[in-house]
Amino acid sequence: MPSLPSVATDGWDDQFLPNDASMDEELPPTTRRNWGFTLAAATDWSGLFTAGRTHASRSSEETKPFRALTDCDYSPRLSEAAKLFDGLELKNRVAQAARQQVKNRISFLLQEAKSEGIPFDRASEVDFWRFIDARPLLKKPRVFLVDNGNLRAVWKGEKGAHIGLQFLGDGKIQYVVFATRPGTLEPSRSYGRDTFEGTLRQIAGFEIEDLISE
Amino acid sequence: MNGDALPDYDHVVRYVRPTAIDEGIVDGSGFELRAGHKGISVNWLEYFVGDKEAQLAEVRQLRRLHWKKSGCLAELSVGATKRHLSDQLPGISIVEDPLDADPQGGHAADPSHSLICGLPNDPPERVEALQDMIAECVIKTYPTTV
Numbered sequence: 001m002p003s004l005p006s007v008a009t010d011g012w013d014d015q016f017l018p019n020d021a022s023m024d025e026e027l028p029p030t031t032r033r034n035w036g037f038t039l040a041a042a043t044d045w046s047g048l049f050t051a052g053r054t055h056a057s058r059s060s061e062e063t064k065p066f067r068a069l070t071d072c073d074y075s076p077r078l079s080e081a082a083k084l085f086d087g088l089e090l091k092n093r094v095a096q097a098a099r100q101q102v103k104n105r106i107s108f109l110l111q112e113a114k115s116e117g118i119p120f121d122r123a124s125e126v127d128f129w130r131f132i133d134a135r136p137l138l139k140k141p142r143v144f145l146v147d148n149g150n151l152r153a154v155w156k157g158e159k160g161a162h163i164g165l166q167f168l169g170d171g172k173i174q175y176v177v178f179a180t181r182p183g184t185l186e187p188s189r190s191y192g193r194d195t196f197e198g199t200l201r202q203i204a205g206f207e208i209e210d211l212i213s214e
Numbered sequence: 001m002n003g004d005a006l007p008d009y010d011h012v013v014r015y016v017r018p019t020a021i022d023e024g025i026v027d028g029s030g031f032e033l034r035a036g037h038k039g040i041s042v043n044w045l046e047y048f049v050g051d052k053e054a055q056l057a058e059v060r061q062l063r064r065l066h067w068k069k070s071g072c073l074a075e076l077s078v079g080a081t082k083r084h085l086s087d088q089l090p091g092i093s094i095v096e097d098p099l100d101a102d103p104q105g106g107h108a109a110d111p112s113h114s115l116i117c118g119l120p121n122d123p124p125e126r127v128e129a130l131q132d133m134i135a136e137c138v139i140k141t142y143p144t145t146v
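So the protein lines, in turn, are chains C and U. Each step along the first sequence adds one to the number in our numbering, with nothing skipped, and position 89 is 89. Each step along the second sequence adds one to the number in our numbering, with nothing skipped, and position 142 is 142.
This is chain U alone, in the form it adopts within the complex (with noise of 0.2 Å):
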């Protein structure tokens, strides 16, 4: 349900653009706050039946943004991420954000679609560290298309 955390125990992925990987290390700004949004975008990857492979199969088949071969999908455990961020941030959540569906763009209704929550605006400096804490979470990366 919107705004439910998502249990420690599962894990999470995001897009991560070309210009914040490089040679398979993620950089902290690819997990960037947009302006204007209430949390970081991820994928809740238990949503979804079946093995990584089949959770991430959905995931890519439900993606709204175009995701750039070179780019790569990286995966967070939710309680592990959390924890390594609570003593700077403890009001880090990570909830489930569902989107509806919207006919008028194409894209299909994503109920695995979930927010990295807590994270302040400033100072930049702050942000970017915190930024680069979560990026030390990444377990794996996979590629965005098969």
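If we strip away everything but chain C, and leave its shape as in the complex, we get (with noise of 0.2 Å):
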């Protein structure tokens, strides 16, 4: 069985003396700070089973392989990363804050629709829910009772942008949707009755998606 070469052994022990005053003095401070190593690199091992090669003659990387990953200061990746999560959480809470408030909504406008005598499609709250539920970090849209008894979602942007959805009921949306295309002073106007992803599509061809969700 082929044994370690004792070049492997001085590397490895040496990620485990931090305190080691000889790894201080081998590389300036600003140099370790410097190392810019990835954990690929980090992590070849490669280095460790060269065989014929003294400690003096390899670099310091192939030495102290771990030094990169104890000596990088990470602080700036962890507090992006931080910073990434803690938005998406916020994006996460405000999502099911909307939820709640568009729950609250649709209770009031079902009894609007008892003591008005205004019919209250069920099938179109069904529809309304499933598209609702599709997205996660939903953007609160207003939502209104429509004569016919169907729920209408709208959603309202920047410079005249525009998204009506009424849901039919029967997996179709009656869409209308305003928005100014870059480049143009007039917004653009679309309406229809299409699928749910038809909808979509339309929505995408005016890139405001954004408007609906995050």
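Derived from the structure by calculation, the hints contain no laboratory data. Keep in mind that a hint or two might mislead.
One side of the interface only, derived from the structure: several residues of chain U facing chain C at Cβ under 8 Å [said to hold, decoys possible]: (1) Thr19; (2) Asp51; (3) Glu53.
Derived pair list, reagent style BS3-like, types lysine-lysine, alpha-carbon separation capped at 25 Å [stated by the list, open to error]: (4) C:Lys103 / U:Lys68; (5) C:Lys172 / C:Lys140; (6) C:Lys83 / C:Lys159; (7) C:Lys172 / C:Lys156; (8) C:Lys114 / C:Lys91; (9) U:Lys68 / C:Lys114; (10) C:Lys140 / U:Lys140; (11) C:Lys114 / C:Lys156; (12) C:Lys140 / C:Lys159; (13) U:Lys52 / U:Lys68; (14) C:Lys156 / C:Lys140; (15) C:Lys103 / U:Lys52; (16) C:Lys114 / U:Lys69; (17) C:Lys140 / C:Lys91; (18) C:Lys103 / C:Lys91; (19) U:Lys140 / C:Lys156; (20) C:Lys83 / C:Lys140; (21) C:Lys159 / U:Lys68; (22) U:Lys140 / U:Lys69; (23) C:Lys159 / C:Lys103; (24) U:Lys69 / U:Lys52.
Glycine included, C-beta positions come from ideal geometry on N, C-alpha and C.
Join the two chains into one complex using the hints; note that each chain is given alone, in its own frame.
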């Protein structure tokens, strides 16, 4: 059974001697901070098995592969990751709050429908929630009850951007989309009836999907 | 006089039911043309003298429907609304349509009643888009009661 070359042991042991004065002397602090090692490079152990080379002839990257991991200043990246996570968490909470507000609004609309004798189409409500639930990072729409009993969700944005979706209750949406395309002053207007997918394609064509969800 | 166009610089208000207003935003469904109606009912503010509050008070007094507190009165500029829709709806007009007194129903005459005319009945998706365009012209909303 082949034995590991002694250089490998040297290199390994060095990683567990963080207080070894000789290590600190080898590299000036500035160099240590700017190694720019990647995890892949640091875990490339090929150098450990390089036979016939002396410790002195090997680069510090070869002899101390883990130094890059321990010495690298991760704080900017960690802070960036934390910010991203916090941002996502915040968006999630906002979306959950939006969902609850929409639920409350629909309860109000149902109550109004009962008191005013306006129809309230349950099939439209089912389609509405199917659309909403498919969007975890939903932005809160304004919700209205049309005289025919259908629910209508409306999102408004800058420069007259507007998405109005009436849920017809058979997997179809009656949509109205207004948006100003880049390089134009007047808003383009589109309306029609389509499936969920078809409607989303229409919205994507105007590049205003971000009105609906993150 | 019945059928006369309102001056472009004047204003009208329309009662918007609570199901068509959300957080102060009026939906196009608040401007739905009811079956059998010639146009969308509005009240001409400048028919009455006085400031905006006095005009609104007159309109509130002449109402013939039950107005809910959570509804609102949406104000439109006659000229701006017509201009905004003219490309899509060249035939749009806002005209006088005074209502006679209805003693049986206990209603006084409403000389400020007017109509937004020219909206098509079909196809529904186009009608909805036009209604949304009218809703875009809402300048301000007012409470139904004070």
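Enumerated hints in conflict with the structure, sorted upward: 2, 3, 6, 8, 11, 15, 21 and 23
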